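Protein chains in written order, with our numbering: chain A, 46 to 581; chain B, 46 to 581.
Bear in mind the hints are in silico, worked out from the structure with no lab data behind them.
Predicted model only: the values in this text are computed from it and were never measured.
Mixed in with the good hints, there may be bad ones.
It does not matter which identical chain is used: a pair holds within one copy or between any two.
When the alpha-carbon atoms are kept at most 20 Å apart in a straight line, the in silico PhoX-like pairs for lysine-lysine are as follows [unchecked claim]:
| no. | residue 1 | residue 2 |
| --- | --- | --- |
| 1 | LYS558 | LYS462 |
| 2 | LYS173 | LYS339 |
| 3 | LYS545 | LYS462 |
| 4 | LYS171 | LYS220 |
| 5 | LYS138 | LYS289 |
| 6 | LYS462 | LYS166 |
| 7 | LYS339 | LYS138 |
| 8 | LYS122 | LYS220 |
| 9 | LYS181 | LYS138 |
| 10 | LYS81 | LYS415 |
| 11 | LYS339 | LYS171 |
| 12 | LYS545 | LYS278 |
| 13 | LYS415 | LYS59 |
Protein chains: 2
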Amino acid sequence: MTDLTLTQTPLWRKLAASAEKMALPDYHLSQLLKKKNRFEQYSVSAGRLFYDYSRQRVDEQVMGYLLELAELRGLIKKFRDMMSGAHVNETEKRAALHTAARQFSDTPVYDNGRNVMSEIKAVREKIKSFTEAVHKGDIRGSTGMPFRDIVVVGIGGSYLGTEFIATALEGLADKGVALHFLSNVDIDNFGRIVSRIVAETTLWIVISKSYTTMETIANLNQARAFMTERGLKPEDHLVTVTSKGSPGDDPNNPALATFHMFDYIGGRFSATSAVGGVPLSLYLGWDRFERLLKGAEEMDLHAASAPAPQNGPLTAALIGIWNNNFLRYETQGIVAYASALSRLAPHIQQLYMESNGKAVTLKGLPVDVKTGVIVFGEPGTNAQHSFFQLAHQGRPFPIDFIGVRRPQYDEYTATFKGVTNHQELWANLIAQSQALAMGSSGERPARSFPGNRPSATIVLDDLSPENIGRLLSFYEARTVFEAFVWDINPFDQFGVELGKTMASDIRNEIARKNEDPDYIWDNRDPIRRFYLNQLF
Amino acid sequence: MTDLTLTQTPLWRKLAASAEKMALPDYHLSQLLKKKNRFEQYSVSAGRLFYDYSRQRVDEQVMGYLLELAELRGLIKKFRDMMSGAHVNETEKRAALHTAARQFSDTPVYDNGRNVMSEIKAVREKIKSFTEAVHKGDIRGSTGMPFRDIVVVGIGGSYLGTEFIATALEGLADKGVALHFLSNVDIDNFGRIVSRIVAETTLWIVISKSYTTMETIANLNQARAFMTERGLKPEDHLVTVTSKGSPGDDPNNPALATFHMFDYIGGRFSATSAVGGVPLSLYLGWDRFERLLKGAEEMDLHAASAPAPQNGPLTAALIGIWNNNFLRYETQGIVAYASALSRLAPHIQQLYMESNGKAVTLKGLPVDVKTGVIVFGEPGTNAQHSFFQLAHQGRPFPIDFIGVRRPQYDEYTATFKGVTNHQELWANLIAQSQALAMGSSGERPARSFPGNRPSATIVLDDLSPENIGRLLSFYEARTVFEAFVWDINPFDQFGVELGKTMASDIRNEIARKNEDPDYIWDNRDPIRRFYLNQLF
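Start from the sequences and build out the full structure, keeping to the hints where you can.
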């Protein structure tokens, strides 16, 4: 890499010039789509995940430059370096080894010179044997009843990935176990969960790397009080997922079991570690969780080895950079035509926005372009009846459509207007991306559609654990590739520190007032005082 | 109003000049917040909903111009005209009378010269008596069992508002009835619901104004097949919410009861009509639904009568216009520090983006500014662990914070670090808006926070039905006020038509192939053919 910043490179300028060209009427998507072989040229099979970007606003010149950009920034090499243990998380002096969590080969993976594969495999084995013992009834609660409710106590990266996967695979959950998520410190989150569970048959999984996450530990405190009040021994209803040596790994804080998580796997990338592994294996069975890991591993290997034009997540990342930095779209919609994928968008929102919402390069210099976009989405066809009015006639934004060839439930086949529900779903999926791209001039202005709205379409064969693993890893790799283009660190999150520090000051103030009702707020900010007074 | 377009008015130019000024360091929020009485000046009590915009990037000059804009566009008068029956939905030649759905006074409200209040009150009475009969067990399913599961079959405006309210008020649901939402045509949505319900105790509420909404009728077909298969009489397990004279109101399609909805209330504004009324009264009891209506009515009257500087939704709308058209923010975050409000953002996303994602004025001319922004959100503190990294250090976007003074569940009061969970929640709410506004320079660039990120804070006393009604009406009025500024029609949605037409063509193709496996696709578009082939 040269000393030029990104925008100073001749390549970046060529891309900027191409973006001006793409604004011309001849480059409207309805024109681009007339080109022969457009679809074959602009679609790629990433293992068993199909990525179609034929309706993105790119042409051969643009794709040529983007592939040069991938080369210039050494994206695939960086990805391989990441997988084998390079300190890609430079600000925190750490490797980023989420891919090791689903590696089944014996290829060594190093963290500071130490091969981590044995500790990772040991955690997997422990999850397998623990969850099997729970399913067999060998491990039970303190009154001898089997576990039927699982409460996952964790927030952010200890929550959203697991929730996405659990929701996606709910149709396979045959262990007689219900899963609940206690993420928010809001006591109403706790109140609603305890109104749905039976204390005696509930297992609480507390997930926090440091075991000091405020929300998680405050919720654990409520859970302990709840169990004690009901005459249960909390240590017989509790497992922890945490770092070695954290307070959650302390024998003085007993638990049924402790599963380790490691510094080299960040929260938002941790769904395939013990963070997702413990709850998902309890919910779905170890075998299905293992199948998920294998799908993710397959996509990791694809991302690390497929040359640029055939590399799915890499291509998607280049399209992301193009849409963001050159076509100036500030948001990215994710619309899965699969209600089982209803929690994909919140997970990717976290993954992408926390990873790539950065302002400085790895060298600590300001990035000279805008980085991450805002990600949002709801399932289709629901989204069509919600925000698609704006998508068609308002401010344009790119969309990832996701289609699944076979539904999870296939026993309901009543037809309406000659098609099944699943076929109706696909008719809409096919129609929307086309309508957004092509547009149409109406007799009246209010019925005109400018078109030229870009989208990609991802196709999965079905909602198998393998495919959910592939989809998860696809978005992880894509996120990381974009960060590599900008030379930012997708693995830190210093942006959340200021709010934490301020919250800590405010908490201390409240705690003093709780102790002494006459305490006068130690702060001259009238706004803060006003809000503090709302609590008393 | 003059013949000048919006951007040609001298006022608009003054606002644009002010926006340039606001970019200067002297106008950074940390500076603006030093002004005396900033908080008193830039906050308003809209009935019992408090709206604080002191951390928006405005000063006296800007607010002065914005209030002039409200005057110039006659916003409050238009709102009153809307409430009394003016044809504000000009493209569809209709009034927009969602406010009449919660009007309790005898003030006449006209639709084409006819006072609608009697038909509206008749629907309310019918909902009240029907739901009370269900709760008493006087109305039961075909095997004589009382109803315990309610499935709401509806999509978009027939779904999201009801889901938001039901989720918000879940803590009050004491009728022994569970509520399920069958919105998506995806058969997996149906499959999951039937795996959770007992057919004999289930009541299906089919909601569609035309009773031709594809998703809804396709799902109704599945439901009929499901009931028949289980030996139940569908007509004894079905109610409809639909227009007079629609197929759902036809005596040849019998149902337990039919509740009318009217052309003058659009889907996304219909949560306080029978659309929300029937399921919510079954779930919460009529009395609580009525309390919700009364809260909404109170906010309607506030919006229609409070003069500009004291008008909450109007002020919020002006801030919205300012952030969008002048400060050029393209998105709006909604972060409620209340897990019960987890479905507020999807509802407002629909309400706002479908209403204001428009490109032409009421006269059919292109709007010369960008209209609606993209709305998204997750509850706090969850969002802090998800997308707030980007909010603090990446691309800035305005946020509506929402705080609730008292939680719904108050029996759990274990403290951690000297504060309750609810206090911890508020410590974070207070901290985040402050951190976003003030920023902080760090020792290292990766730990620097530029600040100057605008936000508003809405405070509710509690999650009572009245307050949920107020919040709902607040956002409805704000949405409509913004549309009035742009002179667009917030009540039509022609933007969804093109996709529907294309989906219909594709459905027909699929239906022909279902009948004749040798059928050759009648379309030369290789992309469409590829996707059609995925289904066979």
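We went through each hint and held it up to the structure:
1. LYS558 with LYS462: Between. Shortest inter-copy distance 13 Å satisfies the 20 Å Cα cut-off; intra-copy 66 Å does not.
2. LYS173 with LYS339: within (15 Å within a copy, 55 Å between copies)
3. LYS545 with LYS462: Close across copies (14 Å), not inside one copy (55 Å); limit 20 Å.
4. LYS171 with LYS220: within (19 Å within a copy, 44 Å between copies)
5. LYS138 with LYS289: within (18 Å within a copy, 68 Å between copies)
6. LYS462 with LYS166: Answer is neither; intra-copy 52 Å and inter-copy 37 Å both fail.
7. LYS339 with LYS138: Neither: 29 Å inside a chain and 57 Å across chains, both beyond 20 Å.
8. LYS122 with LYS220: neither (42 Å within a copy, 60 Å between copies)
9. LYS181 with LYS138: Close neither inside one copy (42 Å) nor across copies (65 Å); limit 20 Å.
10. LYS81 with LYS415: Classified as neither; 34 Å inside a copy, 35 Å across copies.
11. LYS339 with LYS171: within (18 Å within a copy, 56 Å between copies)
12. LYS545 with LYS278: neither (33 Å within a copy, 57 Å between copies)
13. LYS415 with LYS59: within (18 Å within a copy, 28 Å between copies)
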